[in-house]
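Asker: If you want the building blocks of each chain, they are given just below.
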Amino acid sequence: MSERASSNLKPKRSLPYLLTAPATLLFVTMVLVPLLLTALLALNSYDDSVGIKSTYDLHNYLAIFGDDYYLRIFWRTFWIAGLTTLICIVVGAPEAYVLSRMGRKWRAFFLIVILAPLLVSVVVRAFGWSMLLSADGLINHALQALGMAPVKMLYTSGAIVVALVHVMLPFMVIPVWTALQRLDPTVEHAALSLNASQATVLRRILLPQVAPGVLSGSLIVFGLSASAFAIPGLLGGRRLKMVATTVYDEFLGSLNWPLGASIAIVLLVANLIIMMTYNRILERRYSKTLG
Amino acid sequence: MRRNGPIALLFHTLVVSFVLAPLVLVCLVAFTAQDTLSLPFAGASLRWFKAVFDHPDFLQSFYNSLQLALLSATLSVCIALPAGLALGRYRFPGRDALNGLFLSPLIIPSLVLGVAFMRMFSVMGISGSFFWLVIAHTVVITPYVLRMVLAAVMGIDRSSEQAAQSLGAGPWTVFRRITLPAILPGLSGGWMLAFINSFDELTMSIFVTTPATVTLPVRMYMYATESIDPMMASVSALMILITGGAMLILDRLYGLDRILIGERV
Chain H
1 MSERASSNLK PKRSLPYLLT APATLLFVTM VLVPLLLTAL LALNSYDDSV
51 GIKSTYDLHN YLAIFGDDYY LRIFWRTFWI AGLTTLICIV VGAPEAYVLS
101 RMGRKWRAFF LIVILAPLLV SVVVRAFGWS MLLSADGLIN HALQALGMAP
151 VKMLYTSGAI VVALVHVMLP FMVIPVWTAL QRLDPTVEHA ALSLNASQAT
201 VLRRILLPQV APGVLSGSLI VFGLSASAFA IPGLLGGRRL KMVATTVYDE
251 FLGSLNWPLG ASIAIVLLVA NLIIMMTYNR ILERRYSKTL G
Chain Y
1 MRRNGPIALL FHTLVVSFVL APLVLVCLVA FTAQDTLSLP FAGASLRWFK
51 AVFDHPDFLQ SFYNSLQLAL LSATLSVCIA LPAGLALGRY RFPGRDALNG
101 LFLSPLIIPS LVLGVAFMRM FSVMGISGSF FWLVIAHTVV ITPYVLRMVL
151 AAVMGIDRSS EQAAQSLGAG PWTVFRRITL PAILPGLSGG WMLAFINSFD
201 ELTMSIFVTT PATVTLPVRM YMYATESIDP MMASVSALMI LITGGAMLIL
251 DRLYGLDRIL IGERV
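So the protein lines, in turn, are chains H and Y.
If you're matching positions, the first sequence starts at 1 in the UniProt record's numbering and goes up one per residue.
If you're matching positions, the second sequence starts at 1 in the UniProt record's numbering and goes up one per residue.
This is chain H alone, in the form it adopts within the complex:
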């Protein structure tokens, strides 16, 4: 690709820069500048009577990491995102495998059924779950009709996990599906014809091939779950806060912008670290299988 790109059509040296100029302008003013302003804001302090004071120190970060209240929110966010990732692996990877073994027509149809909800607004999906799980929601109506006592489901971490899995599942199915597409079906046949058991085929052939897909799916699911806003906002209620809803409350509720900004920066940095670590692992795995 690179030889083809450089050999013909000798451009003026400035042409690529001219073509990317509008995008560069947009992304510098709308990504780099705002993030820089937020990082600075996180160093300011807040006073109920004066508002934001332009002092510059790390006391907001110290406040977050020294306060049980915030640590508990970070810990809750971490385990909810982790559990969501785990369930997505357990459900999404086998589902991708089942899909890949379907006939052409059914496969195309169900692939769209599983993935299309990605494009439906997360508010709609969150509302769907709150409708199902609320105290006088559809599940409790059904339970009562069967003569059972209603169960409190809404505003529990269980509700958040269920809805997050619903939203995140496609992000696991896609990379696993892509990995399965690269798999040569004849290898599986060969193994079976050489008397390998179904379990051996799964362990020795499928899993190693699918692992990178699962890994990159987990990375996306974990990152998106840890920063999810609408789901914990609608299904966690006021008391069961996650990081994103806490930032929202700091900004629009208690108006302590510097503190909210520092929590957002911690979330951003944690997200970037996870992405880079996983990328590193992915690259190493790929180079191992290739080399």
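What the hints contain is simulated information worked out from the structure, not anything from laboratory work.
Just so you know, these numbers come straight off a predicted model, no measurement behind them.
Mixed in with the good hints there might be a few duds.
Claimed, not checked - Pulled a few chain H residues facing chain Y out of the computed Cβ check, cut under 10 Å:
| no. | residue |
| --- | --- |
| 1 | L18 |
| 2 | T24 |
| 3 | L40 |
| 4 | G92 |
| 5 | H166 |
From the three backbone atoms N, C-alpha and C, an ideal C-beta is built for every residue, glycine too.
With chain H's structure known, arrange chain Y on it following the hints.
Answerer: Showing chain Y alone in chain H's frame:
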């Protein structure tokens, strides 16, 4: 290809019902005739759809969202097209850095972007400006368009461009008559995808909208935190209808499965 066993198919059925249940139920509940969330067994009615049209704030938000999505998707295509051509065709110093910068909104949580925009807008004194809301949406959706443009540009067969050139066509003619038609499916697919993403966006918008510029998802979120009544279900059903329509167009333009699985460049 070996077939799925009964256990695999049962598992598949459960997964599909889990995926579809909340969406199907929302659509059913939207038709209830009662005052509470319930399935329309006792009789279907359109009263909750009518209720939506009696709420001017919801209608206003709908128009805001529609305008916002149309403008930002279009602007996004105008920016991603030249950038995609440059990144897809030329090697130049700083190319990887620019590529990373343009795709960065995909790995920055929308929440963080929302907070960052809110801060910048307040520093600049432009909070509540619809223009800047469009710009903010453009940044968030441009990576999707750029990926589609890049995939299309990489897929072009360069020989017809060279043929045109050798027959004396100028660079502008080559672009207009050959390059543009070749990448048009990717470009229009990218526009549609950007439109849907902007129309659905909640987490970033909730920080940068003001009462005059509230978008439909933000309005719905606010409403749903206060109360849950069947009107939310009918608004949701309308949202699903609009998204579904956009998906059909997207499928015709580009192929929905290709977009959803994404051709990584």
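Asker: State for each hint whether it applies.
Answerer: The hints, checked one at a time:
The criterion of a C-beta within 10 Å of any C-beta in chain Y is met by H:L18, whose closest approach is roughly 8 Å, and the hint holds. Checking H:T24 against chain Y: minimum C-beta separation of about 6 Å stays under 10 Å; hint holds. Taking 10 Å as the C-beta contact cut-off toward chain Y, the hint placing H:L40 at the interface holds, the least distance being around 9 Å. A hinted interface residue such as H:G92 counts as satisfied when its beta carbon comes closer than 10 Å to some beta carbon of chain Y; here the least separation is about 9 Å, so the hint holds.
Contact between H:H166 and chain Y, as hinted, is supported at the beta carbon level, the nearest pair being about 7 Å apart and thus within 10 Å.
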